[in-house]
Amino acid sequence: MDPLLRRAIVTGLLGSAAGMHVGLVGMLASFQRRETIADYISLGSTLPIVIAVIIGWRAGGPMRHPHLRPAGTQALVLGALAGAAMGVALAAFAIVITTLDIRWILANASQSTADVLQYGQGAGLGSAILILSSTALGTAGAALHVLPGPVARALTVGALVTLITSLMEPFLGAVLRNLSLQVIERFLYARGGLTVVGALIVFLLVAGATYAWATRGAETRRRYAGMPADRQRVGKIVAYLALTGLLLLLPQIVGQRLSEVVGTVGIYVLLGLGLNIVVGFAGLLDLGYVAFYAVGAYTTAVLTSAASPAFSPELPFWGALPFVIIAAAMIGLMVGTPVLRLRGDYLAIVTLGFGEIARIIFLSAWAQPLVGGAQGILTIPSPLPFTNHPQSIYYPILFFCVIAAVAATRLASSRVGRAWNAMREDESVAEATGVNTTTFKLLAFGLGAAFGCLSGAFFAAKIGVVFPQSFDLLVSINALALIILGGMGNIAGVVVGAIVLVGLPELLREFADYRLLIYGAVLVSMMLLRPEGLLPSRIRRAELHDVVGDDEEMYAREAGEETGRPVVSS
Amino acid sequence: MPGRRPRLNLVNLFLWGLGGTIIALALIGSFLTIQQGRLSIEQWQSLIVAGIALGSVYALIALGYTLVYGILFMINFAHGEVFMWGAFTAFFTASGLANAGILESSPVLAFGLTLLSAMITSMVVAILLERIAYRPLRGAPRLVPLITAIGASLFLQYTARGFYGSGVRAYPNFGLFGGDIQLGPLNVPVEDAVVIVSAVTIMLALYVFINRTRTGRAMRAVSEDKDVAAMMGINVDRIIVTTFAIGGLLAGAAGILYTLLFNQVHFFMGFLPGIKAFTAAVLGGIGNVIGAALGGMTLGVLEALGPNLFLTGYGIPAPNQLKDVIAFTVLVLVLIFRPSGFLGRKEST
Numbered sequence: 017m018d019p020l021l022r023r024a025i026v027t028g029l030l031g032s033a034a035g036m037h038v039g040l041v042g043m044l045a046s047f048q049r050r051e052t053i054a055d056y057i058s059l060g061s062t063l064p065i066v067i068a069v070i071i072g073w074r075a076g077g078p079m080r081h082p083h084l085r086p087a088g089t090q091a092l093v094l095g096a097l098a099g100a101a102m103g104v105a106l107a108a109f110a111i112v113i114t115t116l117d118i119r120w121i122l123a124n125a126s127q128s129t130a131d132v133l134q135y136g137q138g139a140g141l142g143s144a145i146l147i148l149s150s151t152a153l154g155t156a157g158a159a160l161h162v163l164p165g166p167v168a169r170a171l172t173v174g175a176l177v178t179l180i181t182s183l184m185e186p187f188l189g190a191v192l193r194n195l196s197l198q199v200i201e202r203f204l205y206a207r208g209g210l211t212v213v214g215a216l217i218v219f220l221l222v223a224g225a226t227y228a229w230a231t232r233g234a235e236t237r238r239r240y241a242g243m244p245a246d247r248q249r250v251g252k253i254v255a256y257l258a259l260t261g262l263l264l265l266l267p268q269i270v271g272q273r274l275s276e277v278v279g280t281v282g283i284y285v286l287l288g289l290g291l292n293i294v295v296g297f298a299g300l301l302d303l304g305y306v307a308f309y310a311v312g313a314y315t316t317a318v319l320t321s322a323a324s325p326a327f328s329p330e331l332p333f334w335g336a337l338p339f340v341i342i343a344a345a346m347i348g349l350m351v352g353t354p355v356l357r358l359r360g361d362y363l364a365i366v367t368l369g370f371g372e373i374a375r376i377i378f379l380s381a382w383a384q385p386l387v388g389g390a391q392g393i394l395t396i397p398s399p400l401p402f403t404n405h406p407q408s409i410y411y412p413i414l415f416f417c418v419i420a421a422v423a424a425t426r427l428a429s430s431r432v433g434r435a436w437n438a439m440r441e442d443e444s445v446a447e448a449t450g451v452n453t454t455t456f457k458l459l460a461f462g463l464g465a466a467f468g469c470l471s472g473a474f475f476a477a478k479i480g481v482v483f484p485q486s487f488d489l490l491v492s493i494n495a496l497a498l499i500i501l502g503g504m505g506n507i508a509g510v511v512v513g514a515i516v517l518v519g520l521p522e523l524l525r526e527f528a529d530y531r532l533l534i535y536g537a538v539l540v541s542m543m544l545l546r547p548e549g550l551l552p553s554r555i556r557r558a559e560l561h562d563v564v565g566d567d568e569e570m571y572a573r574e575a576g577e578e579t580g581r582p583v584v585s586s
Numbered sequence: 105m106p107g108r109r110p111r112l113n114l115v116n117l118f119l120w121g122l123g124g125t126i127i128a129l130a131l132i133g134s135f136l137t138i139q140q141g142r143l144s145i146e147q148w149q150s151l152i153v154a155g156i157a158l159g160s161v162y163a164l165i166a167l168g169y170t171l172v173y174g175i176l177f178m179i180n181f182a183h184g185e186v187f188m189w190g191a192f193t194a195f196f197t198a199s200g201l202a203n204a205g206i207l208e209s210s211p212v213l214a215f216g217l218t219l220l221s222a223m224i225t226s227m228v229v230a231i232l233l234e235r236i237a238y239r240p241l242r243g244a245p246r247l248v249p250l251i252t253a254i255g256a257s258l259f260l261q262y263t264a265r266g267f268y269g270s271g272v273r274a275y276p277n278f279g280l281f282g283g284d285i286q287l288g289p290l291n292v293p294v295e296d297a298v299v300i301v302s303a304v305t306i307m308l309a310l311y312v313f314i315n316r317t318r319t320g321r322a323m324r325a326v327s328e329d330k331d332v333a334a335m336m337g338i339n340v341d342r343i344i345v346t347t348f349a350i351g352g353l354l355a356g357a358a359g360i361l362y363t364l365l366f367n368q369v370h371f372f373m374g375f376l377p378g379i380k381a382f383t384a385a386v387l388g389g390i391g392n393v394i395g396a397a398l399g400g401m402t403l404g405v406l407e408a409l410g411p412n413l414f415l416t417g418y419g420i421p422a423p424n425q426l427k428d429v430i431a432f433t434v435l436v437l438v439l440i441f442r443p444s445g446f447l448g449r450k451e452s453t
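These protein sequences, in sequence, are chains A and B.
Everything in the first sequence is counted per the working numbering, starting at 17 for the first residue and increasing by one.
Everything in the second sequence is counted per the working numbering, starting at 105 for the first residue and increasing by one.
FYI, nobody ran anything at the bench for these hints, they're computed from the structure.
Label pairs and their calculated CB-CB ranges: (1) B/Leu-114 x A/Arg-238: 55 to 63 Å; (2) B/Ile-206 x A/Ile-118: 17 to 25 Å; (3) A/Ser-128 x B/Gly-271: 15 to 23 Å; (4) B/Gly-141 x A/Leu-349: 35 to 43 Å; (5) B/Leu-114 x A/Gln-268: 49 to 57 Å; (6) A/Leu-349 x B/Phe-441: 15 to 23 Å.
Residues of chain B placed beyond 12 Å of chain A at every Cβ, according to the derived structure: (7) Leu-143; (8) Pro-293; (9) Ile-300; (10) Val-345.
Where is the CB? At the ideal position from N, CA and C, for every residue including glycine.
Pulled out of the complex, with its shape left as it was, chain A reads as follows (with noise of 0.2 Å):
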C-alpha cells in the first residue's frame, strides 16, 4: 500500500483508539456535564473533536521514512480519510459498548459514554453523524498544511484560545464576577462554556491578533530593537512594574475562593523551585521530594500547634521558621549523604524509598506520641496574627517564592551553578576536572530540602492542620511534573507548570477525577515531543538536543521543511 494511504488509515485508528480510551476511563461522559460553546457542542464531544483534528492534521503532514510530502488536495483527502477510519472504528465502538454488557468489567463502557460519540442522536444517525462530522475535522486538519502559514496560524491559535477561554468558565467567570463585570460575564458565558457570540467574538480577536502578529511582529520587533537603549529600558521598567501590581493585587482580583487556588499555587511554585534545584540544576532525580516538604510541615506544626502531643511552649510561625530550616538542613545531609554515590535510576529509587519512608513513620503508632499518628495535629496557628482574613497568607508565600526565584537565578549564574551544570552533564568529568561533587550534591540537597521545607510549613500553616496522608507520593509527583512541563532548569517554567498543573485541575472539576492520568500522559508526551519542556533554559535545551542530534540527518531535514528550502542530501 502506498505509504502515505497506510499512515493516514494508521493515524486514524491511533485517534479512534484515544477516543476509545477517553471513553473507558469515563472522561466522556463526565465531561458531558459542561458546555465548551453552549447549546451546540459540550465538553465530552469537544475531546472527539479535537482529537479529529489532529490525527487529520498528523495524516496531512509531511512524513520522514520515506521522505514525502502531500501535495494540496493530496494533504486533504489524507487527512478526511484519517478522520474517516476514526469515525467508523469509534462509532463500531460505540455500538458494541451498548450491546454487549461489559459493565461488570469496564464501569465506563455505558450507554452515556456512546451517547457522547453518537452526539446524542442514536445509533443510527448517530454514528453517520460521527462519521461525517470526523471525516471533516480531519479534512480540517489537514487543511492546516493547506493554508498559507499566518493564516493557519491564526485559525489554530484563534480556536486553541477560544478552547482554553471556555475551558477557565471558572476562573474567568469567578473573576469578573468579583470585578463586578457581570454584563460582560452574561455575555461570554452561559452553562459552563462560551455563548455563540462570546466563541465568535473571542475566535475573531485571537485569530486577527495573531495574524497581524503573524504578518508584521517582524517588524515591530526590529522597530523595538531599533530603539535606543533607554527607552528599551523604559519599556521593561513599565513591565515589571505591571507585573509586581498584579501580583500584589491578585488576591483583590481572583476574589476570596480563588485566592485559595492562587495560594496552593504559591506553595507549589516555592516546591517545584526547590525541586528544580536538585533536579533541574544538579541533575539529581529526587522522587522523595516530599519528605522535605512532610518534615517542614510537621516541625511548624509540632511547634507552633496548641494541639500537638509533644511540644508545650507554643511559638509563633515566624518563631518557627529558624527551627524549619534547621531541620530541614538536617534532613537534606540525611537523604542527601546515602545517595551520594549513587547516579541516575538508583538515586530515584532510593529517594523514593525515603518519601515513603518518611510517610510511614508519620502515620505509625510508634511516632504518634510526637507528631499525632493518623489523627494528625489540629489548629496549626496563621502566619499573621492581626488579620484572620484567609486572602492574607498569599502575601508571605509571594514573598518567599520570590525570594527563592531571585536566589535560584543568582545561584544558577553562579560558580556554583557551573558546577553543577558540570555535574549534571557528566559527573565523572566534572570530578576530574575538579568539582567537589560531594560539596555540590550536598548542597543542592540541602537548599532543595530548604525551600521543601519552607513550602511545607506554609502548607501547614495554609490548611491549619497536618496528616500524614498530605503527604503521600503525589506531592512528589506533582512537583516533578511541573517542573518537567514548564521546562527544568528555568524559573518561568515552574510558575508557568504550577499554575497548569496544579492551579488548573482545581479549578476544573471535570478534570481532577482524570488529574494523575493527565500527568502521566503530559510526562510521556513531553519526553518524548519536547523533553525540555514548556518554557526550556537554554542549557539545558542544548544539551538534549545535543545528546539526541547524533541524527544529523534528521535536523538536516527538519531545517529544510521549516524554510521550505529542498532537502540537501550529504
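With chain A fixed as given, assemble chain B onto it according to the hints.
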C-alpha cells in the same frame, strides 16, 4: 575501578556509622525479641513459609527488572503496573469463569486459563510500553527514559482506575487451595505451596530458556554488548522486545500468584510490590537472573520476619505498620555496603 580501596573520609565514615547502627539495632532487637519469647517456634515457622511464598512472587517481578536492566541499563519503573494489569485481568477471567460455573466444575482448568490470561495481558502491556514509551528514547540522556517510565507508570495506574473503578475488588476463591500440607515438622498452607512451586517452576523454565535456546543466547549476547551483537546478525530491537515480553509474562504470573496470597485487586497494587521487587533485584545483583530469585526470597523472608523479629524487642507498638520501611532500609543498606548485590557484576552501579 578494580581494586580501589574505599577511602576513609567523612562521607564513608557517616555511611558506615549509619549502616552499622542499623544492623546493630536489628541484631539487638532480634536478641531481645527471642529472649522475651513472644512468638512460638510454630509461629516463626509459619512466618518463614509465608515469607518464602511472598518472596517468590517478588522474585518473579524482580526478574522482569533484572532482564530489562541487563539489556538496556534502565529501570523499567512501570513494571509494577505491568504486574497490576495482569492481576486485574486474572480477576476478571476468574470472576467470569466463576459466573459460568467452570470454576467449580474444573478448578484446575480455570486456574490455568486465569494464569494464561494474566500472563498474556501483562506481556501485551509490556510490549506496548516498550514500543511507545521506551524505544523512541534509546540513546537519550538517562533522566529522560526514567521520567517517561514514571509517567507511563502513572498513566497505566490511572487508566486501570478509570477502566475498572477505584474500589478494592475481592478475588473469587478457587476452592482448590484450602487446607495445609504437612511437610515433616512444617505446616504449609496449600496456597503458599502452590505459589512457591509455580514460581520456582517458572524460574527454572526461564533459566533453561536463557541458557539453552537460541533466543536466550541472543539475549545474553545483547546484554554483553549491543553493537557487537548487532554485528553478529542479531536483531537487537527484536531481542529487546522479547525481553520486555518475557518480563511481562513473569509479571503476569506474579500478578495471579500475589492475588492468591492476598485475595484482592486494586489499581494501586503494583506500586509497593514493584518497589520491593526492585529492591530484591538490587539485593541479588541487578542484571543477574539467579540473583533476582535469591534476592526476592531473601527480601520476602526479611519482610515477614523483620517487624516481629527486629522491632517487637524494643516494645514498639504495631510493628507491622513499619514493615514497608524494612524493604527500603534493606535497599539503602545494600546500596551502601554492596551495591553490586549478592551475585552482581562489580560495575553495576
